[in-house]
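Two chains, each in its own frame: build the complex with the hints.
The listed protein sequences derive, respectively, from chains A and B.
Per our numbering: the first sequence ends with 590, consecutive numbering throughout.
Per our numbering: the second sequence ends with 167, consecutive numbering throughout.
Some clues are possibly wrong.
Derived pair list, reagent style EDC-like, types lysine to aspartate or glutamate, alpha-carbon separation capped at 20 Å [to be verified]:
{"no.": "1", "chain 1": "B", "residue 1": "K13", "chain 2": "A", "residue 2": "D586"}
{"no.": "2", "chain 1": "A", "residue 1": "K578", "chain 2": "B", "residue 2": "D49"}
{"no.": "3", "chain 1": "A", "residue 1": "K131", "chain 2": "A", "residue 2": "D100"}
These are computed hints drawn from the structure, not numbers from a lab.
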Amino acid sequence: MEKSITIHINNKPYTVDSGQTIMQAADKLGFHIPRLCYHPKLSIEGACRVCIVEVEGMKNYVASCSFPVNDGMKIHTNTTELRRARRDIVELILDNHPLDCHTCDRNGTCELQRLSYSMGIKARHFEGERKHYDEDLSSRAVVRNPNKCILCGRCVRICSEVQNVHNLSQAHRGFRTVVMPAYNMPFSESVCTACGQCINVCPTAAFVEKSYTQELFEQLNDPNLIKVVQFAPSVRAAIGEAFGLEPGHNMEGQLVAALRKLGFDYVFDTQFSADLTIMEEASEFLERIQNKGVLPMITSCSSAWMKCMEQFYPDLIDNVSTCKSPMSMNGAMIKSYFTEKIQVDPKKILSVAVMCCTAKKYEADRPELMFDDLRGVDIVVTTREAAWMIKSAGIDFLKIQPEKVDAPLGLSSGAGAIFGATGGVMEAAIRTAYELYTGETLVDIELGGIRGLKGIKEASLEMDGREIRVAVAHGLGNACNLLDLVRKDPGRYHFIEIMGCPGGCVGGGGQPYAGANSIPLDEEALQKRAKALYDLDRGKTIRRSHENPDIQKLYREFLQRPLSPTSHKYLHTHYQAKLPRGIIPDKAIF
Amino acid sequence: MSEITQEKLDQIKTYINRIKQQPYPGSYLIAVLHRVQGMFGYVPREIMDVVAEEMNIPTAHIWGVATFYHYFNLKPIGKHVVSVCMGTACYVKGADDVLQALKRELGVKVGQTTEDRLFTLQEARCLGACGIAPVIMIDDKIYGELTAKSVVELIHRYRKAAGEKTA
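Chain B extracted, bound-state conformation (with noise of 0.2 Å):
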């Protein structure tokens, strides 16, 4: 998904050369790298070079920009995205013992994403969840009353999948 093809820039160009023919093109910044994040499931840095020079806006501003809002990653994120509730319920149900056992499990920090690519951890405030807590989510995906445990095996099943799958 990362990859930077000769396609996915052609697209973007296309995208930035229809966003020109509107009143205030600068104004879609945030919509093109949006974009750019769909397609590569993050802003890489090439592209925002690309970005730059097609819609005639300062590099710096551009990283402005993109460091500004955390929706943004600035760095590849594995194929899937743990999230831990750490809202309050999920806090008072045990959430940073959950979080604990997925570092040591996943080994990365929160923010970082496995060498092999399959996950990033995540901190996430109230997923709205509360009456299962503590909670995580998988990429779109709910997952509810967790321990140290049984959120090990969870990971289990996502890499046994995934194990297959390249199989």
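Excised from the complex, chain A in its bound form (with noise of 0.2 Å):
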């Protein structure tokens, strides 16, 4: 039971609740005691020691993270002393790491550089060993680099705990103690599903997303190329904040007109083939409930989801619907359709996409996406290092004039927009079977029930008097509990969105690093991400995918009709069961 105590922080008596830590009842009184490990979807670590307090009565300065406040308890988060311990303590994290924060990946964005600035740290005491490891530079998503690492634990607890992939720990002990998979072996052949949340919680550059920057500057000055850029949903909801603004803007035009001046001779949407996707998926799920096919269907779309289930849910294979990911299909549209429009060899195209997230690099690498030969996409930037470009190229963003896309791969429903926030395929692909099964339209297109930010969320609709159970889960944790369900009652649901990271895409790991004044993953920023996708379907005429007029040109024109030969060749694949098998622990026995 909670009831109200009355603690003094720095002197003066507040009213607090019982039954919370330290740093969470300062929090809300406006002290924020500095921190490193803790994370508040995180378990307790309580390994930096950076949030210590003095307590008066106790022996030793206590870690306010993990300990609770008592009624009558007199909290000094600021003496003299205090400052000089937590002083310390940065100063001997700092000994440990490299002095090369001006040519760092994390460089203006790195927690720890923060901290020390904060702690008033002017010069290096302890200078002592340091440890050398070699980067981990065998996965085509994530980096990992061990020098930059002070072992807060938080992509380890990351990965276990709202991943539940299990993929890191912290091996050996002491000074040589290192995050790594198991048997340290690389990246790019442990479980790791390439989410890229481990670089989101990092506090320094230990993890980052593998940059393909350099080699896109390149490439964007070859006359040779002709150069087609698409960017993701949740893209420009987020890339604001890589230039100052609070989360939740939408600078899809800004975007556009950046790209452009970087030198992208067409700039198309993913959000069109968010709108393909749906006319794909809705197909497949209906064909699926009239034949009688394998239920419940599974969505593609994360790519995150999708090593995943190839290494942990094998037995769901035939549940997982063929359809490639939208960023894959625009590829295969961008290289097919668009190429004869335009009467240029395929192979004359560079094309990128700008995605908010790190496994879409592993996606474009991946060979059961290939067709007649080519890849769909050639290279993935993530909104960071797409906004890193633009200012490194010296665009100013957010004086720029909005510009629109092109088309034919560039106009988009609002079903397409809602693909980036959790729920959001869901909605769109009901949306479209209901009118494709029924004949009907459904009136109701917002279903509540299945956004915001909880792990699990059900919903069941009507059609033709047949009720028709869906269910949607964020984050491989909240998937897993939702697979368990259905491994134990397969006939529960008829369709599932599953998508790899907290919140949607808008919580991807290729999102901008939290600012100064908030936290990675933040829910409240992630919300108004979420928000910026679902202003921008309300503001369209257009909300349903079948209802895009150049969806249609494109059946039309090429594709015939969803699921035709053509459709198939370009825009749908099969997964298959890989190695490492992923392991989920029991949560009871471990």
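Right, dumping it as structure tokens:
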């Protein structure tokens, strides 16, 4: 039972609820105690000791992240002695950290750098031995650099507690401790799903995406190439943050203009191919319903989820939709339909995707997604990389005149926009499936039940007297819990949406780093990004994928109809079980 | 000893199945790894994979535990483990000379195993036999008052014994 108690912070009394930690109470009172290993979504590690405070009567300083408040407690957060102790702790962390801020990927976005500044550290007093390890560059998506690691353990915890992938652990001990996958195997051979959440929560640059910006800058200057780019829904909802804006600004027009200024000849929108995905996926779903195919059907848009499925849930491969992701569908259309239209050899196309996602870098490389010996997408850059490129090229992103996307792979319905938020694909699919199945228009097209940040969301609707039960999960940990239900009761749902990242693509591993006054994966920020997409949907006249005139034209001119042989050639694929097999621990024994 | 056989795999699985009847089976991980090392002389990667699947514990977690404790060998060890005491008394009485002589004679560094898989060289802290320093331990036998010369002779004796057995 919570009750009101009185605590003193820095000699002033405050009434707070019991049953919380000193840090939680202090946060609400406007005292931001410095911290490093703490994250509200993760278990308490209490490892870094940066958040120490003085409690009168206690022999030692206590870690405020893990120490509960008591009635009458007298807490000091800023005494001279405490400040010195805290500064020493950060200095000791810095001692085993490279002195290369000015050449570091996280320069300006590093939590350790900010912390060191706020501690007033002006010199290094503890020059000692320093660790030296090789970077792991094996993965197409995630780079691991143990030299920058300060062993806060946030990556280990998000990978196991939120994502349930358990790819990382702290191996060895003491000075030799290193965060690594089992057997120190290369990331490319590990169970890593490339979701990039370790990057999102890392305070330093121990995890970063594999950058393709230099390669891209070079190719943008190649006069023999036709440069085509697409960008994901969630990129426009978040990229403003990299330029100092609050979360939730839709920067679509600015992004289109900036991409043209970077040198792209055609700017297409992944929202267009999200509409295309819905045409194929909704049709596939109806076919499964009508022909007693394997149900529940599970969405296949999220590349991290696809890798997770192959390693952790190979038994569910037949449940997964054969549709490629919107990115790969757009890539396939760029190098077939579009090149036919402009009468160009597809080999002359440079197909680039700006994604909120690190796993898309891995996806772009997958042989299963190739057609006519071609890759749909040649280079994937994240929202962060795109923001850096825009800055690096001297483009004034905030003052730029907004521009519109190009035809024929750019125009999108509102259904395509909401793909970026958890529940969005399901909502978009239902808008179209309902109409294809019943021949009637779904009047109430906003499905409140599957919006929002609840881990697992359920809804049911009636199509021609038939009950259709759907479920939505975001973050691989929630997906795990949902799929456990499915394994036990396969008849429970007809249609399931799974997104690999918390919040869906808006919380992707490639999104801008948290700013000085925010934390990674802050729920409020995720909700604001999602709202930008829902507002975008609401502002559009066309809100159903099948009503998108350019989608109708694409079928008329090229694909014929959903699930046609041409569609199958370019837009569908099959997945296979992969090793190493993922192990999901039984929570009861672990 | 270090060979992986179906029989040994079955033994491990039987042991794990017994553990699964206990209240907190996950807490037996170290006990399982002990048993594995007892069977193979080290904890083979292939067996960690088996333990992960059988106990339903992520491999990365098992790797974290296996690397944390110095007791666990992650590579095959030799037939004989030679531990050189580097405690204060032994060190003062010339343990370093003994160690250098062993490195030269065996052709390995500390922590490594000879190519013929006969010896693994290790350093140890005080073995509790300071009165006869400097000492080394070969398997569970203590040898004291060694010199760079006598330790080489000792190794020769072990080599000879091993040769006679295989012959």
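Now the hints, each set against the structure:
Proximity of K13 of chain B to D586 of chain A is assessed by CA-CA distance (about 18 Å); at most 20 Å being required, the pair is judged to hold. Restraint check: the Cα-Cα separation between K578 of chain A and D49 of chain B comes to about 15 Å, which is no more than 20 Å; the hinted pair holds. With a CA separation close to 14 Å, the supplied pair K131 of chain A and D100 of chain A stays within the 20 Å bound.
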